[in-house]
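Starting from the structure of chain F, add chain Y where the hints point.
There are 2 protein chains.
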Amino acid sequence: MHIFYTPDIHSDTYILSEEESKHCIKVLRLQKDSLVQLVDGKGGFYEAIISDPHPKRTSLSVIKVQEEFGRRNHHLHIAIAPTKNIERVEWFLEKATEIGIDTITPLICERSERKELKTDRLNKVITSAVKQSIKAYHPKLNEVVRFKEFIGSVSSTQKFIAHCIDGEKFTLKDKIALNSDYLVMIGPEGDFSPSEVLEALAVNFVPISLGNSRLRTETAALEACFEINYLNR
Amino acid sequence: MHIFYTPDIHSDTYILSEEESKHCIKVLRLQKDSLVQLVDGKGGFYEAIISDPHPKRTSLSVIKVQEEFGRRNHHLHIAIAPTKNIERVEWFLEKATEIGIDTITPLICERSERKELKTDRLNKVITSAVKQSIKAYHPKLNEVVRFKEFIGSVSSTQKFIAHCIDGEKFTLKDKIALNSDYLVMIGPEGDFSPSEVLEALAVNFVPISLGNSRLRTETAALEACFEINYLNR
Chain F
18 MHIFYTPDIH SDTYILSEEE SKHCIKVLRL QKDSLVQLVD GKGGFYEAII
68 SDPHPKRTSL SVIKVQEEFG RRNHHLHIAI APTKNIERVE WFLEKATEIG
118 IDTITPLICE RSERKELKTD RLNKVITSAV KQSIKAYHPK LNEVVRFKEF
168 IGSVSSTQKF IAHCIDGEKF TLKDKIALNS DYLVMIGPEG DFSPSEVLEA
218 LAVNFVPISL GNSRLRTETA ALEACFEINY LNR
Chain Y
18 MHIFYTPDIH SDTYILSEEE SKHCIKVLRL QKDSLVQLVD GKGGFYEAII
68 SDPHPKRTSL SVIKVQEEFG RRNHHLHIAI APTKNIERVE WFLEKATEIG
118 IDTITPLICE RSERKELKTD RLNKVITSAV KQSIKAYHPK LNEVVRFKEF
168 IGSVSSTQKF IAHCIDGEKF TLKDKIALNS DYLVMIGPEG DFSPSEVLEA
218 LAVNFVPISL GNSRLRTETA ALEACFEINY LNR
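These protein sequence lines are chains F and Y, in that order.
The first sequence begins at 18 in this note's numbering and counts up by one.
The second sequence begins at 18 in this note's numbering and counts up by one.
Chain F extracted, bound-state conformation (with noise of 0.2 Å):
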């Protein structure tokens, strides 16, 4: 069944855009009482028919309603810094939309190669695998901040910052409470810089290993998200 992700849904009427109606009655060519399914974003799943397939204003009207759907029992927002090769962000994105991660910011560290990042195309990338993994929650993607303003500013109950260098690290699964609100920090290319582990130690992130293999960037940030999801089961 196809699915619109229509953030901006108020009552049990909506219009899809003229692009959306383009492809809705063009393309998939979906007539008057077909039915289609709506995933709003902040929980929201709903179904709904066609009830004017016109072309360009399509109009469908919502028959049920389900609130909180596929809501997780915690929270999970990761901190990354971007890779070089954008599409490795982009991957990175999808399969955590998949897998299940609320926020996520772009983190511009000290050994940064990439210093920004247009997060409208990569919205878009997350708003697809919502809609194909059927998620009602749209995770969300916040601007790229750097790193010193980011730990200053952050309030998680549980914080956590995976690096590379020699010193005392713990697992999640030693350290997570359950169902609570967890954010998780990776470091570019180059890891974080001796003294952004410790200004992250300083205010009370905890220093873990991800496993003993060496793991780029945007796979480290899938393992953190894996093992969270796969602890909170």
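Now the stretches of chain F that chain Y is said to cover, found in silico as 3 or more residues with beta-carbon under 8 Å:
#	stretch
1	110-122
2	142-151
3	231-238
4	242-248
The hints are simulated quantities; they were obtained by calculation from the structure and are not laboratory data.
Model, not experiment: these values are computed from the prediction.
We put the beta carbon where it would ideally sit given N, CA and C, even for glycine.
Frame of chain F; chain Y shown alone:
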């Protein structure tokens, strides 16, 4: 430090191929007595120095060998129906190599859209991930095989099939014996057909679920890879 993949190393000297010699001497500009690392794909991890920086046939002298470097405590074989978009297969191979996998078999199923696969290029993706993540074992990529042939011929201690059809399902956590050898089958975009699932159950594959999310083929395969590595840590 630079790392080379040297599957044909047999003594304490090694001559790089013309292409790798050029890369080593002309691109990386490594000089006599520079230290490099070698992995042979069969568990051998070597440290070597450049004894002759010849731009077409660079000689290396091994100074240290470690056998069974990073050997894992289990064996994981994933049989996966290749996705229509080959990039998704490549991504899976890269990530699975980083996280830990031994054997991959591309499977042609009833509902497979992709019926063939060039393994040469895919092997290069694996080799590149082997070097990047410093693995001494090179995962083995088998040639494409049809589902029926495969399930009739394969022997693994623990065999699992991940599918989305209603019915009794287990989790890997419930069913796996640790430190064993595992096979997990992952179906194509449209899932295994009901008759394929029945055929697999008839030869003692255990039906599993990989969580509540609707995952793409390559994400499901990676989730299985992650779970098995995680449970065996």
